[in-house]
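Visitor: Listed in order, the protein sequences are those of chains A and B.
Counted the way my numbering counts, the first sequence spans residues 1 to 115.
Counted the way my numbering counts, the second sequence spans residues 1001 to 1110.
A few of these clues could be false.
[Stated by the list, open to error] In silico BS3-like links for lysine-lysine, alpha-carbon gap of 30 Å or less: (1) A:Lys70 / B:Lys1097; (2) A:Lys3 / B:Lys1097; (3) A:Lys53 / A:Lys71.
[To be verified] For each label pair, taking beta carbons as the anchor points, the in silico distance ranges come out as: (4) A:Glu62 / B:Asn1052: 33 to 41 Å; (5) A:Met54 / B:Glu1015: 44 to 52 Å; (6) B:Lys1026 / A:Leu95: 22 to 30 Å; (7) B:His1057 / A:Arg111: 33 to 41 Å; (8) B:Lys1069 / A:Glu69: 41 to 49 Å; (9) B:Asp1007 / A:Ser80: 32 to 40 Å; (10) A:Ser80 / B:Asn1022: 36 to 44 Å; (11) A:Lys53 / B:Ala1010: 36 to 44 Å; (12) A:Asp59 / B:Asn1022: 19 to 27 Å; (13) A:Gly40 / B:Lys1069: 24 to 32 Å; (14) A:Glu79 / B:Gly1040: 25 to 33 Å.
Worth flagging that the hints you see were computed from the coordinates, not collected in a lab.
We treat Cβ as the ideally placed atom computed from N, Cα and C, and that holds for glycine.
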Amino acid sequence: DVKVTQSSRYLVKRTGEKVFLECVQDMDHENMFWYRQDPGLGLRLIYFSYDVKMKEKGDIPEGYSVSREKKERFSLILESASTNQTSMYLCASSLWTGVSGREQYFGPGTRLTVT
Amino acid sequence: SQQGEEDPQALSIQEGENATMNCSYKTSINNLQWYRQNSGRGLVHLILIRSNEREKHSGRLRVTLDTSKKSSSLLITASRAADTASYFCATVPGAQKLVFGQGTRLTINP
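So here's chain B without its partners, still in its complex pose (with noise of 0.2 Å):
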């Protein structure tokens, strides 16, 4: 079953400008956590905000979380050419199982 569901789906900039993703999701959840993809490999794992958290940063990323509007960003900036990647959020509903989202396609133009 999909809960995250990313907007947009895909996203095209200039580097060094700053990329938006969203992430919303249906049920209540023990954390979220953000995940990126470079073509046609595995996931990396970027950051997990747990529920009781509004935001939290890793170097260029910075993630909020809205549990109110059961919905949460993910900020990109200043982006270089080795952010082009697909881009995933996932929710921990309960239990040790991630349910992943469609994922948002970042490209960035030199």
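Looking at chain A on its own, in the form it has when it is part of the complex (with noise of 0.2 Å):
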């Protein structure tokens, strides 16, 4: 079974402060994703990295940066973390198929709270 880990449940942190999601996934996937979760928006996609050192923008990559320095660990970085990005952050990894997105495996979600 594919497994997905994150590194936190909850976390509360303070605005200005500098944040660190990891994530990890164990099935040497290719692909690795991260989200954050609103009501009434679902889910929007922040980053992804296909490959080691690789990343590129989501929709929504403002206010965040990412880090994929080994294939089985993404990182996701909140520079200055403000209250807007209160939100459930969601990591995901899939196999690369070419031109066709394959099912993604998601880890149980971080639930973030700025104050």
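Take the two lone chains and join them into the complex the hints point to.
Guide: Below you can see the structure in the form of structure tokens.
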């Protein structure tokens, strides 16, 4: 079974702090993704990576950066946390398959509150 | 950008009844996927249907795809309390990304 783990289930940070969210997958997947989920807005893609050291912006990259130094690990960084980044953050991974996307495997999510 | 839109936004039925959720999308797709999310948890992949397929089954799940109408439906038969969750469709317009709808919140009443 694919396992995607996230470093924290709940996190409370102060405005202006630098925040690191870690995601690890154990199935040698090439692709990894970071989403945020907000009521009424569904899941929105922040960044994704299809290889080590590669990254691409999703729909809402502003205020975020990512790092992928190892294939199994994908980190989301909030450079200076703001209250509008309070959200549920979901990490996912999938195999790379050319033009057609495969199913994604999700971690349990990190509920981040910025005060 | 949101592509898939689920309908209805919320659905409440009695245990044992069938539940049908619909998804509409805007652009051409490679495949369409359905996911389930239990409250406060990550999403779980349910089923993938490719653009050249019209219907697919998995256990109590039946998914249809009509590319001419740009729509899909998810049918859960003989619903159980454990089916209470939010259900999302996700389209694959190209490359490796999924585009999710806002979901249908399904409640199964005992």
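Visitor: So, for every hint listed, does it hold in this structure?
Guide: Checked hints:
no.	hint	verdict
1	A:Lys70 / B:Lys1097	holds (20 Å)
2	A:Lys3 / B:Lys1097	holds (20 Å)
3	A:Lys53 / A:Lys71	holds (9 Å)
4	A:Glu62 / B:Asn1052: 33 to 41 Å	holds (37 Å)
5	A:Met54 / B:Glu1015: 44 to 52 Å	holds (47 Å)
6	B:Lys1026 / A:Leu95: 22 to 30 Å	holds (26 Å)
7	B:His1057 / A:Arg111: 33 to 41 Å	holds (35 Å)
8	B:Lys1069 / A:Glu69: 41 to 49 Å	holds (45 Å)
9	B:Asp1007 / A:Ser80: 32 to 40 Å	holds (39 Å)
10	A:Ser80 / B:Asn1022: 36 to 44 Å	holds (41 Å)
11	A:Lys53 / B:Ala1010: 36 to 44 Å	holds (43 Å)
12	A:Asp59 / B:Asn1022: 19 to 27 Å	holds (23 Å)
13	A:Gly40 / B:Lys1069: 24 to 32 Å	holds (26 Å)
14	A:Glu79 / B:Gly1040: 25 to 33 Å	holds (27 Å)
Against the hints set out earlier in the document, no violation occurs for any number.
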